[in-house]
Amino acid sequence: MSAPAVGRPAGAAAVGVLARRNPTVKLGLLFVVSLVLVFILDPVTPAVLYVLALIAVAASTRIAPRALALLHLPFAAFGLGVFLVNALSRPGEVLWSAGPLRITVEGLSVGASLALRTLVIGVLAIGFIASTDGVRLMHSLHQQARLGPRVTYAVLAGYRMLQEMPREWQTIRQAHAVRAPLRPDGTLPRGATALARASFALLVISVRKGERMAQSLESRGLGLSPRTTWRPVRLSAADWLMAAGVLAVLGAVLLVSAMLGHLEGIDALFG
Amino acid sequence: MVSTSPDRQTAPRRTPWPLKDLVLLVVLGVVFGFVYWVFVQAWTALSIAMGPAGDLAQHFLAGSWLLVAPLAIAIVQRPFAGVIAEVLASVIEVVFLGSAVGPMLFIAAAIQGVGSELPFAATRYRSYGWLTYALSGLMGAGLVFFYSALRFGWYGQDLFFTRLAIHLLSGVVLGGLLAKVIVEGLARTGVVDNFAIGQTRLAAGHGTR
Amino acid sequence: MAPAEPVPPVLDLDGVSVTVPRRPEPILRDVTLRLDRGEHLLVVGASGSGKSTLLQAITGVVPHSVLAELTGAVRVNGRPTVESTVVELSGHVGTLAQDPSSGICLPDVEQELALPLENHAVPAEQISGRIDDALASVGAGGLRSRRTDQLSGGEGQRVALAAALITGPELLLLDEPTSMLDPAGVTAVREAIDAAAAAYGPAVVLVEHRLDDYAGEAGVAGLPGRVIVLGDRGDVVAAGATAEVLTAHAARLHAAGCWLPLEAELRAVTGLAGGLAAPPVREALRGLSTPDGAPHEVRPAARSGGGQTVLAVEGLAVSRDAPDRGSRRARRRGVPVERGTQYLLQDVSFRLRTGEVTALLGSNGAGKTSLLLTLAGLVAPAGGTVTGARPGMVFQNPEHQFLAHRVRDEVGHGPADAPPGYVDGLLGRHRLSHLADQSPYRLSGGEKRRLSVAAMLAHERPVLLADEPTFGLDRRDALATTAALRSAAERRSVLFSTHDLRTVAAAADRVLVIADHTLIADGPALQVLRDRSVLGRAGLRLPPLLEWLLAEFDGDEQVRRVLHRLDTAVPAEAAPAGSAARTAGTAGAGAPDATATVSTTGDRS
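Those sequence lines, one after another, are chains X, V and W. Under our numbering, the first residue of the first sequence carries the number 5, and numbering increases by one thereafter. Under our numbering, the first residue of the second sequence carries the number 643, and numbering increases by one thereafter. Under our numbering, the first residue of the third sequence carries the number 5, and numbering increases by one thereafter.
Certain hints may be false.
Claimed, not checked - Sample of chain X residues lacking proximity to chain V, with all beta carbon distances greater than 12 Å (derived):
#: 1; residue: Ala23
#: 2; residue: Gly32
#: 3; residue: Val48
#: 4; residue: Arg106
#: 5; residue: Ser117
#: 6; residue: Gly138
#: 7; residue: Arg150
#: 8; residue: Met169
#: 9; residue: Leu186
#: 10; residue: Leu259
#: 11; residue: Ala262
Claimed, not checked - A few chain W residues that don't get close to chain X, going by computed Cβ distances all over 10 Å:
#: 12; residue: Glu195
#: 13; residue: Thr294
#: 14; residue: Thr389
#: 15; residue: Gly418
#: 16; residue: Ser537
#: 17; residue: Arg541
As the list claims (entries may be wrong) - For each label pair, taking beta carbons as the anchor points, the in silico distance ranges come out as:
#: 18; chain 1: V; residue 1: Ala699; chain 2: X; residue 2: Arg150; range: 47 to 57 Å
#: 19; chain 1: V; residue 1: Gly771; chain 2: X; residue 2: Gly195; range: 45 to 55 Å
#: 20; chain 1: W; residue 1: Gly527; chain 2: X; residue 2: Pro185; range: 52 to 62 Å
#: 21; chain 1: W; residue 1: Ser88; chain 2: V; residue 2: Arg766; range: 29 to 39 Å
#: 22; chain 1: W; residue 1: Gly278; chain 2: V; residue 2: Glu826; range: 33 to 43 Å
#: 23; chain 1: X; residue 1: Arg187; chain 2: W; residue 2: Ala408; range: 16 to 26 Å
#: 24; chain 1: V; residue 1: Ala763; chain 2: X; residue 2: Glu97; range: 12 to 22 Å
#: 25; chain 1: W; residue 1: Ser88; chain 2: V; residue 2: Arg768; range: 23 to 33 Å
#: 26; chain 1: V; residue 1: Arg768; chain 2: X; residue 2: Ala256; range: 47 to 57 Å
#: 27; chain 1: V; residue 1: Ala699; chain 2: X; residue 2: Arg187; range: 41 to 51 Å
Calculated from the structure, these hints are not laboratory results. The structure displayed is predicted, hence computed values, not measured ones. Cβ coordinates follow ideal geometry from the N, Cα and C atoms, glycine included.
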């Protein structure tokens, strides 16, 4: 199997307005919006939020429309599955039925709401990931969210390990494959057992490497205090402005939705 | 003459976390994050092909997301190891593997970690038998199920109890018993000899090989 | 005020012994040594003699991070290491480990170098300048904006060295810093170490067994001035000025499997000083080239063309980014080569025959590993055909290949229905019987290599491919490995890649050389090695001994006989006591079967 490329490359210049914002603030906003959405169960409110989020992400990052559409695929498919299951399996006013299958009004409504929620969180997560360098995020979490230096650099060391992992994985898979009997059609084996064996080998090799990395980090003085920070990640007025703007829009949408009588909460699940 | 051999027999301890333990938790997160990612490539295609059934099939593999917590606890044998390991794994998944599930994964991870850790905590991090692992998987899967049910709207569906049953079973087998198998395998290879697990096993007389 | 205290030595070890669980014998036994400011010390010893443990005891990793018992005292700048954590000691001790993939911890070179400065609270405005200085001191100024996962091994080691020295520690520890590098990397890193040590002036402890490569052209003069020699029991068996100790104990070090500088090796074997330039030494070497009526000593000349063809390669092309998906065997045949595409390799044609050991040579990145993977059917050819039965392959890192939880099962994985005793026989021939119930991951480097070869041989494939099989091994293990390959070739064809031309001259019948994206030479080993234009194109350099032997003797037999006699001066295993200590960790270490037989080839009954 081929070496997969992991994530987006560190240090690859993230462009667009969103890329210049503080990573911790972006992560916090994504978190708040996701949390609020969990308590909304009508289809209209998330639909409006999705349109707004899509416009905001398209405008503030420079993801090409085609790439943005492709990135939607995994969670759009997931959303569709959620929609269908809910439409078919939720008791309520029956719209259509055939044998054991029946579609209900409540099912359609809740299903659409959940599917749209997946889309909103998905498109925001795309915007976040596309505009944020993981290494900068860790530095920012260290400075703005008081994540300890040892945890911060342990995670960054893990990231470095992750960068080399596709190569390591491919070598292990090849080294195992050469010892495996061929399948009847002459191809190399792939299957759960082979993957499990390769995964175990990867785990063993990585645990040992991790122990040596920890020794390297300690030999560089990680854990001494006080320490200084070279090139701090700044928190600017624009970051606060963005946070205020996003929260204001979210609040306004909820308010208008409630006034128009669309907004529904958790109790929609229990009919 | 100076003789030093850190006394690690009594758990839990109050000493700060050694860096190697922290890095180990990260390594577990990285390796499992990567391996899931390899599996998920095949899995996503499969679940799209399965359509609505794919939504249900996710429960069969739900337990495998719990593995990191019992492994971390068994190796470093410290309070909160399971919770921290799960959260670190979710951070790596979101931040470096670009999981589009987004930061809600952090909360799911923390809940899972708490669930998986409770049975070990109840034994004061001393018992590592099959039953503890099985309970760990059961609790981890159970707690996170109710959170996911809220996120994905499973409440009120006809399938609610089917989902719950599959989820719990998967938790026990993949998130509990499988963890014990992996821990035993790792202990045999010697790469965790310098962690708490190596010391307790040595004390218990498993040290000859 | 108290009278001026004498400055404490940078490093002071007083009767240090280290014992780890699972091994009854101490790894390090009663080591005492003292190192003053700016002094350089070399530590030599065979694998398993406790060299790495000595360094861990100095950094504080033993006993703080590794479960071990340390007795005696280790003091850095007068302060006992048991009283300080590894982190607290980091201000005084810099470390360069073997493997840059775990010695570098962050994704960018800049961050890697900034981290130690930030940790030591260097004011932010000074950091950039100090990064430049540190990189310049290791000759790596151009690497500052690079990502660490895109560095070569040699570049990675230089960055790690800069990171170890950037805070100006008084003591620099080097743990086999060049053992994972190709010859070009070895030279670059060695020069960087010399330059950086001159710039920062720390005391240096160098642990190394590959002294011939490390010393390079300079010979003994290229090594630190002082040396201690660790014996197989972990004790100091010799100490003093390097030139004198290597001379006086050359035979012992040679027997312990160290790769000695040539001058010392010749001294060990001939008993004569002066190196290759000295006429008496030359005379002695000429003496080694004459037959002594024991013909079994030298293996028969290459049976070129004698054996049966087991793998035929026709017009093979290997693409740069290997299309490895699927790896279908069906795709191994009949793909036309597209003209105009730049392949990693193209127009490669050769045949592998039973009974032959063939070496694959080429500079780093020439495509040796890719070619072997293609021959093994793991990567689909970009063009041309590979025909023949499925080959086996031994990978560079044996751990990548392990599948089982026990050594016995690892070997037993191959044969589907082995006759009784088959696995035991293989274990015995590869001196693994005493480890049969051990986890493969617990073995030493040499044992892992033997296991990976034995496990692959158990598959009974007609062709055995091996990627750098002697890489990183001490001399004893390297010789055992080449002996195993030779013995495997009695019923198979063996093709192995290597950088080590001396091993090629001693062990290979035939040589394939790749360079300029194709196969540039295919012929009898010594004939190819005598061809200066081929060596030049492939960027290969003959080591001085081989250069002299090839110039001196016209007959291949004579060259081989000298090399063989130099190699057989290295016993396959050390003295019984040492061997028992090294294989400790298994229940019943030191049992009779642990003190292995001298014969490494074994007979294939």
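Would you assess whether serine 537/W, listed as outside the interface, keeps its beta-carbon beyond 10 Å of every beta-carbon in chain X?
holds (34 Å)
Looking at alanine 262/X again, its CB stays over 12 Å from all of chain V?
About 20 Å separates alanine 262/X from the closest Cβ of chain V, which puts it past 12 Å; holds.
Taking the shortest Cβ-to-Cβ distance between threonine 389/W and chain X, state whether it exceeds 10 Å.
Check passes; 15 Å lies beyond 10 Å.
Within 47 to 57 Å: is that where the Cβ-Cβ distance between alanine 699/V and arginine 150/X falls?
violated (41 Å)
Examine each Cβ of chain V, and state whether all of them lie more than 12 Å from the Cβ of glycine 138/X.
At about 5 Å from chain V, glycine 138/X fails to clear the 12 Å cut-off, so the statement is violated.
Whether the CB-CB distance between alanine 699/V and arginine 187/X falls inside 41 to 51 Å
Given range 41 to 51 Å: violated, Cβ gap about 26 Å.
Note whether the CB distance of glycine 771/V and glycine 195/X lies within 45 to 55 Å or breaks it.
For glycine 195/X against glycine 771/V, whose Cβ atoms are near 31 Å apart, the range 45 to 55 Å is violated.
Tell me if the beta carbons of arginine 187/X and alanine 408/W are separated by a distance inside 16 to 26 Å.
Because 21 Å falls inside the window, the suggested range holds.
Please verify that the nearest CB of chain V lies beyond 12 Å from glycine 32/X's CB.
Nearest chain V Cβ is 9 Å from glycine 32/X, so the label is violated.
Non-interface claim for glutamate 195/W versus chain X (Cβ beyond 10 Å)
Holds, because the least Cβ-Cβ distance between glutamate 195/W and chain X comes to about 23 Å, which exceeds 10 Å.
12 Å cut-off, C-beta based - valine 48/X kept clear of every residue in chain V:
holds (16 Å)
Non-interface claim for methionine 169/X: all C-beta distances to chain V beyond 12 Å?
violated (5 Å)
Consistency with the previously given hints fails for numbers 2, 4, 5, 6, 8, 15, 18, 19, 20, 22, 24, 27, ordered from lowest to highest.
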